[in-house]
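Be aware that the sequence shown starts at 1, since it is given in the working numbering, and climbs by one per residue.
Think of the hints as simulated: they come from the structure by calculation, not from any bench.
There's no promise every hint is true.
[What the hints assert, rightly or not] With a straight-line Cα cutoff of 25 angstroms, these simulated DSS-like cross-link-like pairs (lysine-lysine) come out:
#, residue 1, residue 2
1, Lys406, Lys388
2, Lys282, Lys298
3, Lys305, Lys332
4, Lys144, Lys188
5, Lys242, Lys264
6, Lys332, Lys298
7, Lys242, Lys188
8, Lys118, Lys105
Every value quoted in this text rests on a predicted model; they were computed, and no experiment measured them.
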Amino acid sequence: YMQDKDLMQKMNMIMSLGKGNQQMQQQLLMQMMNQDPRVLEVFMAMQGIDVNTMSPEDLGGNTEASQPSRAPPPAPEPKKEEPDLRSPEQKEADEFKAKGNDLYKKKQFDEALQMYDKAIEKEPNDLTYYNNKCAVWIEMGADKYDSVLEACQDVVSRRYEINSANPGGASFEKVAKVYCRMASVYEKRKEFDQAIEMYNKALTEDNSRFTRNALREIEKTKADYEKNAYINLEKAEEHRQKGNEYFKEQEWVKAKGEYDEAVKRNPTDAKLYSNRAAALTKLLAYPDALRDLDECLKLDPTFVKAHSRKGAAHFFMKEYHKALQSYEAGLKLEPGNDECLKGREQVLCKIAETNRSGEVDEEQIRHAMADPEIQQILHDPQINMFLKELQTNPKEAQKAMAADSKLQEAVSKLMAAGIIRTG
């Protein structure tokens with residue numbers, strides 16, 4: 001290294017810097033080392049450090065090159081197959097079961113039953129074979145349902161005896177499947193309470209996702225079945241007429257009770273929801289009345305009386321912009337409808353009265369600000385610009401509104417809602 005003039009010139013520069021500025025010396029040393037690894041060896045030798053005692057990593061050398069090549073990792077040993085611990089009888093039983101499964105899929109039920117019987121004969125202490133046999137019986141029809149329930153109850157009652165003779169033959173999972181098999185029979189018989197009981201018993205044995213889903217489904221099926229079973233059009237009409245009588249007598253609570261029963265008996269009759277909404281309006285239950293009227297119009301969008309009653313409910317809630325919309329919707333269907341015409345006139349008079357009064361109705365404003373349609377209008381940039389201009393330059397704002405039908409509609413709704421006042 002000493003005969004390399006270029007190297008020695010670099011070393012002299014580094015050593016001279018060290019006398020006056022060690023920090024700069026270190027920076028220059030690191031830079032030189034990156035260019036020429038010999039710089040480190042010479043610098044250490046000049047400092048009196050024996051480089052022979054240093055490791056390749058300390059000298060900045062290639063550690064991979066300095067280490068002997070490693071032998072490749074040994075190939076993973078092939079997995080050992082688990083020993084088959086089944087007895088000869090169990091092996092034969094499983095063969096019969098496999099044949100039975102194939103026949104079951106082909107809907108050859110009598111032949112499948114024979115295979116499962118042979119499996120049970122070879123290994124009578126395993127619930128799987130009994131459960132599969134019961135699956136065949138279910139497919140064979142309702143006259144076999146009793147046989148399914150008897151067989152399932154028998155094996156469940158002998159579960160501990162079976163497990164003693166064949167550990168795992170009546171495991172928690174297998175018992176749960178037997179309970180599910182019984183539940184399916186009860187479900188087919190529309191005996192939903194018993195089916196739910198069986199699914200709950202299955203969950204105590206094995207809390208599986210399949211059983212949880214099955215339980216939720218049958219609970220929903222039960223609710224739908226009971227709802228449909230309650231439907232009776234004749235009784236619905238009887239309750240409606242009684243409700244009308246109570247309504248005429250101003251017995252609002254009793255009228256609502258009769259309409260409740262009528263709706264349960266015939267939930268697709270639009271007029272029943274409209275009648276109940278009328279009773280709810282008299283009871284000042286306006287939100288409930290609106291829900292009934294929405295359901296009524298969903299069933300029959302052309303029911304003009306429902307639009308009129310909806311307008312009245314909105315009017316009493318001081319949602320005048322919505323009341324106008326309801327009355328207008330009714331008048332589109334029947335332009336001369338007296339109730340809608342009078343209702344619209346009443347709303348317009350109330351809006352004008354509110355504007356003249358100059359007083360702010362907090363309830364009206366609260367209802368308006370909770371309305372998504374009003375919120376959307378107020379967040380519209382064009383509407384915001386108009387409202388600002390209305391305060392600074394009313395004449396120009398009026399001109400802009402006169403030239404824009406969309407703006408006119410939005411301003412009308414805001415005026416009806418009490419957000420904009422002209423008085």
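Hint by hint, here is what the structure shows:
Between Lys406 and Lys388 the alpha-carbon distance is near 17 angstroms, which keeps this suggested pair within the 25 angstroms criterion. Between Lys282 and Lys298, the direct Cα distance comes to roughly 23 angstroms. Compliance with the 25 angstroms bound is thereby established for this hinted pair. This hinted pair checks out: Lys305 and Lys332 have alpha carbons roughly 13 angstroms apart, not beyond 25 angstroms. Taking the CA atoms of Lys144 and Lys188, the gap is about 12 angstroms. The hint holds against a cut of 25 angstroms.
At roughly 15 angstroms between alpha-carbon atoms, Lys242 and Lys264 fall within 25 angstroms of each other, so this suggested pair holds. Between Lys332 and Lys298, the direct Cα distance comes to roughly 17 angstroms. Compliance with the 25 angstroms bound is thereby established for this hinted pair. Proximity of Lys242 to Lys188 is assessed by CA-CA distance (about 38 angstroms); at most 25 angstroms being required, the pair is judged violated. Note on Lys118 and Lys105: the hinted pairing holds, with a Cα-Cα distance of about 18 angstroms set against a maximum of 25 angstroms.
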